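Student: Kindly produce the complete structure, drawing on both the sequences and the hints.
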Amino acid sequence: MMRRLFCMAAFLVAANAFAQTEIFDADDFVDPRELAGRALFISRASIGAAAGYGDQYRPLHQTMGFLHISNTFYWHGLQATYKHTEIRGSDDWSARNQPQPASLPSTVMTESLSGRRPVPQMYFNRDHSLDAPAPAPKDSVQFAWYHAFGPSAPMLRYQVTGGRQAVEPVAGLKNAEDEDYFYRVEVQTMIRLGGKSIFGDVNVSTITQRGARTNAQGVPLKSQQSAYTYSAHLPLLRVGRAFVVPTMTVGHVTGGAAISVANPSVDLIWSRGADINFHVTYSPSVQNIGNGWKTRNQIAVFADRALYAKLFGTRR
Amino acid sequence: MRILFTVTLLLSAIPLLAQPFTTSTVEVVLEGCGSGPEVITVVPSNDETRTFEVKRIESNRWRADRSPKKFDARGATASLRLGGARTDCATSREMRDPRNPDRWIAVFTFRCPTQHTWRELTVETKPAVKLIYARELQGSQCVDARLGDDFGITTIQDVAYERESIFVNLGDKLPALRTAYSMAILRGAFGKHALERAPLIVKRTEVIDDLELRNANSGRATPTASGNARTLLALDLPQFDRLTLTVKAK
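Heads up: the sequence lines are chains U and H, in that order. 23 is the number that this note's numbering gives to position 23 of the first sequence; each next residue is one higher, with no gaps. 229 is the number that this note's numbering gives to position 229 of the second sequence; each next residue is one higher, with no gaps.
Simulated from the structure, these hints should not be mistaken for lab results. Computed from a predicted model, the values in this text were never measured in an experiment. There may be inaccurate statements among the hints.
Unchecked claim - With a straight-line Cα cutoff of 25 Å, these simulated DSS-like cross-link-like pairs (lysine-lysine) come out:
#, chain 1, residue 1, chain 2, residue 2
1, H, 126, H, 203
2, U, 310, H, 55
3, H, 69, H, 55
4, U, 310, U, 83
5, H, 70, H, 55
6, H, 203, U, 310
Tutor: In structure tokens:
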């Protein structure tokens with residue numbers, strides 16, 4: 001029991017992370033009991049477009065198209081995933097406008113002046129410019145462990161994610177250092193409330209932008225955004241031949257200005273055959289930066305399809 | 001020494017106390033049905049592949065000798081198929097055989113069923129796939145199961161459609177009731193109901209949808225419509241085009 005508690009606590013405190021997972025990143029939960037002792041590999045592609053897209057609560061301010069590929073291996077209650085995403089927007093990063101100086105924290109201004117050299121844009125939750133980096137390829141790896149506290153108890157997943165996204169290159173800096181790093185820990189929970197099971201995810205995540213820049217004292221600089229959220233998974237509904245998957249996320253983002261967020265999401269899924277799923281996802285992100293609540297409407301239309309699926313072993 | 005003797009004596013007495021009332025004779029008492037049919041089908045121990053018939057010996061009593069198959073006359077379970085009606089299961093009690101007091105008889109007593117019943121429910125798969133079903137009366141402790149016929153058409157006798165649920169697995173693994181990994185073909189599954197006289201046709205995609213929805217909302221895991229979980233369902237289901245459910249009521 002102590003060991004279980006320790007594991008849970010370790011997951012909760014080990015990382016400074018969050019993240020609003022990408023709107024086009026379909027869930028990949030597979031109950032190991034359905035695998036019945038077998039291993040499973042699935043490669044899945046999603047393709048589509050999104051408007052009002054927010055990359056981990058940072059708005060992109062443009063419509064973007066994406067191709068997202070995930071490769072997942074399930075084995076004995078463990079899951080390993082590699083994901084790659086190609087994102088293309090209407091705004092090329094080389095044409096991107098600089099944030100208005102008035103909106104930047106004084107520390108950034110000081111650093112720019114003292115460094116006297118090109119400085120990469122910092123896209124974190126400054127008061128009026130919570131912008132995401134311009135569209136660019138992303139890669140991530142995930143490791144998950146499934147566990148149920150008994151043979152018929154609910155199956156819960158504990159997952160860690162690490163990833164990177166290239167950001168706008170700046171002349172004079174090495175490309176390898178122009179990257180957005182993100183880490184995420186997700187702990188699934190189940191609460192009994194009024195005789196019903198309420199499933200949810202506790203998410204802790206961090207985005208870190210590292211650069212070769214140093215301050216006047218020669219200390220390397222890095223900026224960080226952390227988010228702490230809880231997502232409740234509500235029961236699936238059937239509407240004709242389609243499913244409606246509702247979730248509700250609330251949380252808090254720190255690192256620069258503190259933001260409170262409420263982020264409901266409704267994913268309408270229509271499946272054609274066994275493999276192709278069409279999604280229309282609406283996810284308004286309601287944020288309060290301290291000067292009132294503002295809503296950003298995210299809408300994504302995309303399709304996902306299993307490219308390759310293979311079962312290993314025999315059912316027990 | 002005395003304690004050891006007492007323990008030995010008690011241990012030797014246990015087999016005598018637990019002595020089974022071994023028999024091969026089954027007697028059925030059906031109350032409230034009047035004279036009833038000449039022959040009744042008995043489903044023993046929840047297994048519809050081992051049905052046998054009992055013949056009327058009195059107005060409300062039927063009997064069969066299943067020799068050489070012997071079983072314990074106390075505590076066995078069985079239900080009846082009456083050709084247009086079915087009973088819930090009953091537990092047997094032992095009774096001395098009036099023809100030979102040294103022998104035992106297993107007596108099952110049933111109340112005459114009153115619910116509406118389909119005489120036959122036919123489940124057809126195209127193309128033919130292996131199928132296994134389990135049926136359960138509402139509020140009953142018993143579940144009767146049987147592997148379907150190999151040629152793709154399985155006939156289920158005497159379905160009490162108002163009180164009965166039928167769970168089907170495609171394949172030969174017995175469906176686990178009240179979990180998601182089986183297909184419930186009655187009680188409005190797939191947004192349809194087999195009460196209609198026209199055949200109920202269920203496509204493979206609908207079967208996957210039904211399993212996915214019930215998996216997601218079973219309370220066993222997070223309710224998600226995971227594409228990978230759906231792909232796993234498709235890999236596990238045998239390839240078939242559609243299921244046709246036909247009700248043959250008489």
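Student: Are the hints correct? Go through all of them and say.
Tutor: Hint check results:
1. H:126 x H:203: 10 Å, holds
2. U:310 x H:55: 54 Å, violated
3. H:69 x H:55: 17 Å, holds
4. U:310 x U:83: Holds, at roughly 18 Å.
5. H:70 x H:55: 19 Å, holds
6. H:203 x U:310: 24 Å, holds
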